[in-house]
Amino acid sequence: MSPLKIKKGSSRHSAYDLRDPNADVIETHTLGVIVDNEAGVLARVIGLFSGRGYNIESLTVAEIDHLGHRSRITIVTTGTPQVIEQIKAQLGRIIPVHEVHDLTVEGPTVERELALFKVAGKGDARIEALRLAEIFRANVVDSTLESFVFEMTGTSEKIDAFAELMRPLGLSDIARTGVAALSRGMA
Amino acid sequence: MTRQMSGARMIVEALKDQGVEVIFGYPGGAVLPIYDEIFQQNDIRHILVRHEQGAVHAAEGYARSTGKPGVVLVTSGPGATNAVTGMTDALMDSIPLVVLTGQVPTFMIGNDAFQEADTVGITRPCTKHNWLVKDTNRLAETIHQAFHIATTGRPGPVLVDIPKDVQFATAAYTGPKAARVSHYQPRLKGDPDRILTLVEMIETAERPIFYTGGGVINSGPRASALLRDLVAATGFPLTSTLMGLGAYPASGKSWLGMLGMHGLVEANLAMHGCDVMINIGARFDDRITGRIADFSPKSRKAHIDIDQSSLNKVVHTEVPILGDVSSVLEDLLAVWKARGSKTNAAAVKKWWMQIEQWKKTRCLAYTASPRIIKPQYALERLQALTAGHDRYITTEVGQHQMWAAQYLGFEAPNRWMTSGGLGTMGYGLPASIGVQIAHPDALVINVAGEASFLMNMQEMGTAVQYRLPVKQFIMNNERLGMVRQWQELLHGERYSQSWSEALPDFVKLAEAFGAKGMQCSDPADLDDAIMEMINHDGPVIFDCLVEKHENCFPMIPSGEPHNKMILSDGMVGGAISESGAVLV
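Residue numbers (the working numbering), protein chains in the order written: chain C, 15 to 201; chain E, 369 to 952.
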């Protein structure tokens with residue numbers, strides 16, 4: 015602990031970057047990577063992570079500018095501060111990569127994930143599932159007499175929490191998009 | 369006015385517009401249209417190798433000895449896969465190459481067609497960038513971009529995969545000026561604040577050292593000239609990696625010799641004991657640093673590199689400077705001179721006295737023999753008898769390579785071509801061919817081991833065909849010398865598979881290829897034999913029979929720091945710890 019009583023390795027809520035680049039604290043970072051939308055670009059990014067032994071917690075990709083042929087890849091990754099810096103530098107070296115943003119250090123961010131839950135059940139369990147879905151502001155996007163499909167958008171933690179609640183109520187399938195993230199404001 | 373032409377013609381035109389004079393290649397089904405165009409012109413010379421790996425290493429030799437990109441043309445499938453080792457080699461050593469591969473026609477891709485391989489998939493991790501061109505309209509532009517990317521920033525190999533139907537189809541040619549410039553424009557100029565911090569470090573340093581690498585050579589002759597100015601003006605000692613030999617002359621006053629695993633005692637101890645380390649275009653490779661935790665523990669470190677990912681990758685540096693060596697050195701010199709060209713001369717003088725003490729170890733001394741040629745002696749004689757020549761040296765990989773780095777002196781950049789990062793046995797012979805193509809009148813010698821030489825010996829055919837007087841100086845110990853040395857140190861002298869059984873008669877082998885073969889086993893005959901090799905106007909295989917069990921020293925055992933060097937066989941016992949043994 016530093017004299018400021020701020021947990022070592024934290025940067026998101028502090029005015030100063032207190033991270034020691036050589037610390038062996040494992041951090042989670044969300045990276046926004048703007049790339050040319052061309053054949054093989056995703057393979058280059060994934061190949062970098064597998065080839066150099068970096069972690070991918072979540073990865074999403076889609077075209078964001080059709081005329082400009084640009085896609086945004088959002089990667090949630092973990093590693094020591096030195097490894098995170100390496101990941102950013104290595105990403106920046108890939109020729110079709112235009113920008114690498116470390117959203118975790120660049121400022122406050124909005125991080126959201128979309129998930130679909132299929133919950134099968136009858137009677138009280140079915141009613142309880144529907145009630146919890148309302149509390150979590152999940153939408154029913156498909157319904158049969160024996161099942162629901164709920165759609166929910168939120169942080170990964172919220173989706174984890176909802177999944178835990180649905181498990182005893184007949185959760186049979188989950189599909190998650192992975193995290194999409196943007197910085198807040200116009201910074 | 370647009371010029372309509374076939375894709376194959378377009379390739380040749382684009383190469384001409386890029387100033388390409390020579391390409392190294394091997395024909396096959398998927399590149400026949402390109403070879404047809406090559407046949408019908410005389411501006412670009414095609415060198416026919418005997419194996420695609422040879423083509424890539426030859427192009428590397430050409431590139432490293434000229435500073436220009438090497439160009440390779442091979443067919444699809446096996447042609448491309450055979451080129452993989454060479455491209456990986458070029459990626460590790462930052463050598464600019466443009467590799468053109470044929471591909472099965474676009475409508476056959478994915479069908480497991482004859483000689484089909486997923487070339488861009490296979491080569492993605494071993495190129496700086498690669499392209500599969502599916503439209504002839506994009507072909508010329510892609511080739512221009514390929515040259516831009518191969519030669520800009522940190523150089524490296526790029527690959528353009530061209531399906532056969534794209535070679536046949538017709539489209540308008542795009543010239544290099546009309547081609548869309550890629551957004552890839554690496555930053556060359558270093559951060560002024562950090563350069564100022566480095567100047568302050570230079571002004572106050574008590575025990576400084578310059579640690580230079582291949583980046584100085586890749587940055588061009590201007591970088592070497594600026595480095596020499598800086599070293600002369602400061603009087604600081606300098607050591608270099610294997611890749612950087614020649615950027616500062618071996619005869620220079622500040623030269624400490626190579627550093628690292630087989631580096632000189634004075635260079636390694638100076639690295640260990642310095643208070644200011646200035647890394648210029650090197651990358652803290654594991655052969656250099658030894659045990660990271662004990663690497664130069666008392667120094668503040670600055671690092672000049674064009675590749676952001678090299679900064680703080682292995683060793684934390686206080687002053688990382690992203691930029692091109694020439695540009696940064698120019699700014700550095702200007703600022704330092706403007707502030708009065710100050711150094712802490714008294715302290716640096718004391719530092720030099722310490723270094724002179726270390727030099728007295730005479731770590732390259734060896735036990736001479738009147739009967740057997742010691743490999744060190746062979747290289748000392750080679751150095752003495754060739755130093756006055758316009759000389760280029762290539763090597764294979766192993767003990768001979770380290771001895772060559774220790775005992776040969778390089779006075780200029782681009783004169784030393786060796787496989788550093790990847791350590792590719794079989795590199796030296798084809799590389800010597802590429803060098804000789806670029807410098808037809810120079811003395812080009814491949815310092816080889818007999819085992820490495822066998823890996824690409826088919827290229828002797830290329831040397832003979834093009835009348836390239838490359839000298840293959842094989843230091844034949846009938847062993848995989850470096851493997852044998854490690855087995856002696858690490859594996860209880862159990863010499864598993866590390867001898868060369870059933871070797872060919874190298875003299876007859878040379879003659880079978882139409883070259884000159886020579887053999888020498890007596891130290892008394894060596895000078896005359898080397899002179900005969902040099903004076904022969906044609907390719908030579910020189911079979912120099914050397915001491916079979918000589919070890920290469922000094923040596924920093926795996927996992928040990930710079931101040932734990934082994935200097936001779938007497939110090940070997942228990943030198944490598946259990947944790948060090950797992951390291952390569």
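Since the hints were made in silico from the structure, they are not lab data.
Quick caveat: nothing in here was measured; it's all calculated off a predicted structure.
Glycine included, C-beta positions come from ideal geometry on N, C-alpha and C.
Do not take every clue at face value.
Stated by the list, open to error - Here are the computed distance ranges between Cβ atoms for each label pair:
#: 1; chain 1: E; residue 1: 553; chain 2: C; residue 2: 157; range: 54 to 60 Å
#: 2; chain 1: C; residue 1: 196; chain 2: E; residue 2: 708; range: 46 to 52 Å
#: 3; chain 1: C; residue 1: 122; chain 2: E; residue 2: 661; range: 34 to 40 Å
#: 4; chain 1: C; residue 1: 67; chain 2: E; residue 2: 707; range: 54 to 60 Å
Structure-based check of all given hints:
no. : hint                        : in the structure
1   : E/553 <-> C/157: 54 to 60 Å : holds, 55 Å
2   : C/196 <-> E/708: 46 to 52 Å : holds, 51 Å
3   : C/122 <-> E/661: 34 to 40 Å : holds, 37 Å
4   : C/67 <-> E/707: 54 to 60 Å  : violated, 44 Å
The structure does not agree with numbered hint 4 stated previously, though it agrees with all others.
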